[in-house]
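Participant: Protein chains in written order, with numbering that gives the first Met the number 0: chain A, 0 to 363; chain B, 0 to 288; chain C, 0 to 268.
Just so you know, these hints were derived from the structure itself, not from any lab. Any given hint could be a false lead.
What the hints assert, rightly or not - Pairs of lysine-lysine residues, derived as DSS-like cross-links and limited to a Cα-Cα distance of at most 25 Å, are as follows: (1) A:171 - A:155; (2) A:157 - A:5; (3) B:237 - C:226; (4) A:170 - A:114; (5) B:251 - B:61; (6) B:6 - C:93.
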Amino acid sequence: MTITEKTMIEFRDVHKYYGDYHALRGINGTIRAGEFFSLLGPSGCGKTTLLRTIAGFEDISSGVIMIDGKDMADVAPNARPTNMVFQSYAIFPHMSVAENVGFGLRRDPRSKADKARAVEEALDMVGLRGFGARAAHALSGGQRQRVALARALILKPKVLLLDEPLSALDKKMREHMQVELIKLQRQVGITFILVTHDQEEALVMSDRVAVMFEGEIAQLADPETLYRRPNSKQVADFIGTMNFIPVTVLSEAGDTVEIEAKGLGRVSLDASLAPPVRGESPVVGMRPETLTLLYDDQKAAERETEGVIDEVIYFGDMTYYDVYLGGTDVEVRLSMRNVPGRPVLEVGTKVRVAWSPSALVLFR
Amino acid sequence: MASSQGKEARTGWLLISPPAIYALLLLAAPLATVLIYSVLTGGRGEIGLPFTLSNFAELFQKPIYQSVMLRSLYVSLAVTFVTVVLAYPIAYFVSFHVSPSKKALWLFLITIPFWTSYVIRVALWRTILGYEGIVDSALINIGVINEPLNILSNGMLSMIITLSHAYAPFAVLPIFVSLEKVDRSLLEAGQDLGESRLMTFIRVTLPLTMPGVIAAVLIVFIPTVGDYVTPELIGGGKVPLIANLIESQMLKIRDQAQGSAIAVAAMFVVGMVSLVFVLLNRRFLGGQK
Amino acid sequence: MKKAPFLGGYAILYLLFLYGPIIILPLFAFNDGRIVAFPLNGFTTRWFTEMFADAQLKKALLNSLTIALSSATLATVLGVFAARATVRYRWPGKPAALGLIMVPLVLPEMIVAMALLVVLLSIGIPLSIFTIILGHVLICMPFAVAILTSAFQSLDRSLEEASLDLGETQWSTFRLIVLPLVMPGILSSFLITFTISIDEFIISNFLGSGQPILSVYIFGQFRFPAKVPSMLALGTLLVLFSICMLAIAEYFRRRGIAKTGGKDTGGFL
Chain A
0 MTITEKTMIE
10 FRDVHKYYGD
20 YHALRGINGT
30 IRAGEFFSLL
40 GPSGCGKTTL
50 LRTIAGFEDI
60 SSGVIMIDGK
70 DMADVAPNAR
80 PTNMVFQSYA
90 IFPHMSVAEN
100 VGFGLRRDPR
110 SKADKARAVE
120 EALDMVGLRG
130 FGARAAHALS
140 GGQRQRVALA
150 RALILKPKVL
160 LLDEPLSALD
170 KKMREHMQVE
180 LIKLQRQVGI
190 TFILVTHDQE
200 EALVMSDRVA
210 VMFEGEIAQL
220 ADPETLYRRP
230 NSKQVADFIG
240 TMNFIPVTVL
250 SEAGDTVEIE
260 AKGLGRVSLD
270 ASLAPPVRGE
280 SPVVGMRPET
290 LTLLYDDQKA
300 AERETEGVID
310 EVIYFGDMTY
320 YDVYLGGTDV
330 EVRLSMRNVP
340 GRPVLEVGTK
350 VRVAWSPSAL
360 VLFR
Chain B
0 MASSQGKEAR
10 TGWLLISPPA
20 IYALLLLAAP
30 LATVLIYSVL
40 TGGRGEIGLP
50 FTLSNFAELF
60 QKPIYQSVML
70 RSLYVSLAVT
80 FVTVVLAYPI
90 AYFVSFHVSP
100 SKKALWLFLI
110 TIPFWTSYVI
120 RVALWRTILG
130 YEGIVDSALI
140 NIGVINEPLN
150 ILSNGMLSMI
160 ITLSHAYAPF
170 AVLPIFVSLE
180 KVDRSLLEAG
190 QDLGESRLMT
200 FIRVTLPLTM
210 PGVIAAVLIV
220 FIPTVGDYVT
230 PELIGGGKVP
240 LIANLIESQM
250 LKIRDQAQGS
260 AIAVAAMFVV
270 GMVSLVFVLL
280 NRRFLGGQK
Chain C
0 MKKAPFLGGY
10 AILYLLFLYG
20 PIIILPLFAF
30 NDGRIVAFPL
40 NGFTTRWFTE
50 MFADAQLKKA
60 LLNSLTIALS
70 SATLATVLGV
80 FAARATVRYR
90 WPGKPAALGL
100 IMVPLVLPEM
110 IVAMALLVVL
120 LSIGIPLSIF
130 TIILGHVLIC
140 MPFAVAILTS
150 AFQSLDRSLE
160 EASLDLGETQ
170 WSTFRLIVLP
180 LVMPGILSSF
190 LITFTISIDE
200 FIISNFLGSG
210 QPILSVYIFG
220 QFRFPAKVPS
230 MLALGTLLVL
240 FSICMLAIAE
250 YFRRRGIAKT
260 GGKDTGGFL
């Protein structure tokens, strides 16, 4: 199954209070059937709360949550078409792997043999064939997570909820499981909703991401839009690195905005691509990789600006340069791939920087 | 929001109500009754109005009450002192000088005696300390003494020995727990800053474990004040403590009003002494922060 | 570990002090002499024979077992309610309710016993084994609550949510997940309150109506020097019994910790 336009989950003005604390402040939006959706934000932004309201572990104070066209207001967690992979995995420690995976089949009318086959299939799917008889408490972190996945998927839910499932794993294991989860989602074809505070993880894994700050969804978009066209400084700053350069708006005519950016000079931007006006002092944002150092007689495709290197940060495959632009105190970070024949430059070197007006995002 | 919190509170109350109602009916209500009885007029097996404070006045007028109260306080404070002083080094030893894998075994060894019949343990001291008992006969046999010591004839001393033995493990545990919580690097820091091991102990370890010491004090002091078996078996009923006094007022003289007044006074004394120690504890805790 | 010869020596002496009286139990229980004093007179088992022939003792033991079984069961069941309520739910009045339940820990037992006695007499409930059980449950409950609270605390809340999520109800979740995982704590609570009840003297003495109760019976027998050796024999058996109970309780407590994947944080309350 591929992503369709069919709506799986819909939030309509969802609010949640804990006493005086306003945890969810009017959540709206839809999650489509079959998509890999992430809730991304710093801790305390309400992403886990929102996930738990989908599962039914938290009541909402007002608003509506619809799953597959049905209002979930009075539906208990055990009656919802969702299953969850918990942050701690919540593997039942007194049961074997097979008993854990088959836990949800207790009320299933199928025969014992059929259920055992279903358990074996589920284990197979997460790469744990033959682990059924193991004691749950003897598993490694990665294995526990696979058991948690198999246990949730065996009930064939319409939506799988994943609460920071990779945060307990080490870096290598985490990257490995990211790929596995993507494959698994394609294989089973159901909606996955992932909660994470790791922007890279969200970008890598998701079809669409909702970035949340302080109980609100700041932007809901696909990863590329989120990265290249963030709709606010806050989102831009949270996702990856972005250079912010103060600008003055000179004129605005139709879809074209003329600005004067400190160190870059005059630029015309397409206003239809700019995020909504918020009344902040205007800045343009540019990602480090949209800036390039020009070597020798290289020519810029669009615009170029002179600069002086202030700091060199060597990363092995990459080098980050902090560069003062055009004799001003405006400093930008840019990243260059280290390829053979291209030396790492030193602090104080005068350089030419190539950039493109279409890569600029205007926040105002 | 209100609904889910209300639901949670309702479930909580529903669950707590069986034990809470039990304690309310069989503990709070009886204690309240004793409180009321203490200001009623009592006689032989009777009790009734009017309200009076004469029961309490009597506690101050009759020297027997005061001497028993003071004796009880003296005995239990002495027992508390002895147990805590004896317990601290053993707790320190287990916490600092026993390897982690063997700590549980040591605690087990220390607590086992506590779980063996209290009456038998107390009674054993009678046969140990008594006239020509185990101590006497053993010492005479190896020729240390010629005449029996008959320690038992010294009722107070015998009671203090017996109770100190009976409550020893109680004192070790809280001190041990507080010692375990002491951050070992603090001690190294103390020595690193030029203090000797003894001074490090006095300036760092001891103040940090004071809450454990106070807990040990309370845990020994409270039950020993109300001990009944030891004065009966060891003191032979000749050196009564508060519990024996309450018993004789309630059941032998059958003056429930006077008995209740003694019980209330005893609770008051226990409460006051405990409060002093709790306040001391606060001071130590406050000093740490 | 650092060497500490002085402390080590002290520790040995301290254990000798703790165990001295208990070592005397078997020593004189098998000693062929009615007078409990040195020198020892040779080996005999007649005190055990005498003890087993004692009909009153059997009655006392039976009564005590009845009391201890009922008290431990009731206290543990009530403890489960209290522990579950305090660990899992937030509700106003928690400190007060819990404080009341734990009061017997900080009140001289004599006062608890007399207060109960006064009320029972005033409302005309006749004293019996039942009234002893009422009192024992009261003093056992704080211990049960303490043990069970720590058992419930080591339970990961998301285990219950996972079970609900997988289609189970609140009640079946309690039965399938919570109960099996706290079972070691329940057993340990039962064994410890059972031991407390068997040992308890004051309430057994004052809230009973003269039926023989083990601790009260032992107390009485020690007044007769001739009965002391057979009481020592009984004591020997009781010590063995207590050690077994404790070892079993500790075993279950540790297994519970291992099961829920927690770390051992001491034990013994």
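Participant: Which hint numbers does the structure go against, in order from smallest to largest?
Facilitator: 1 and 4
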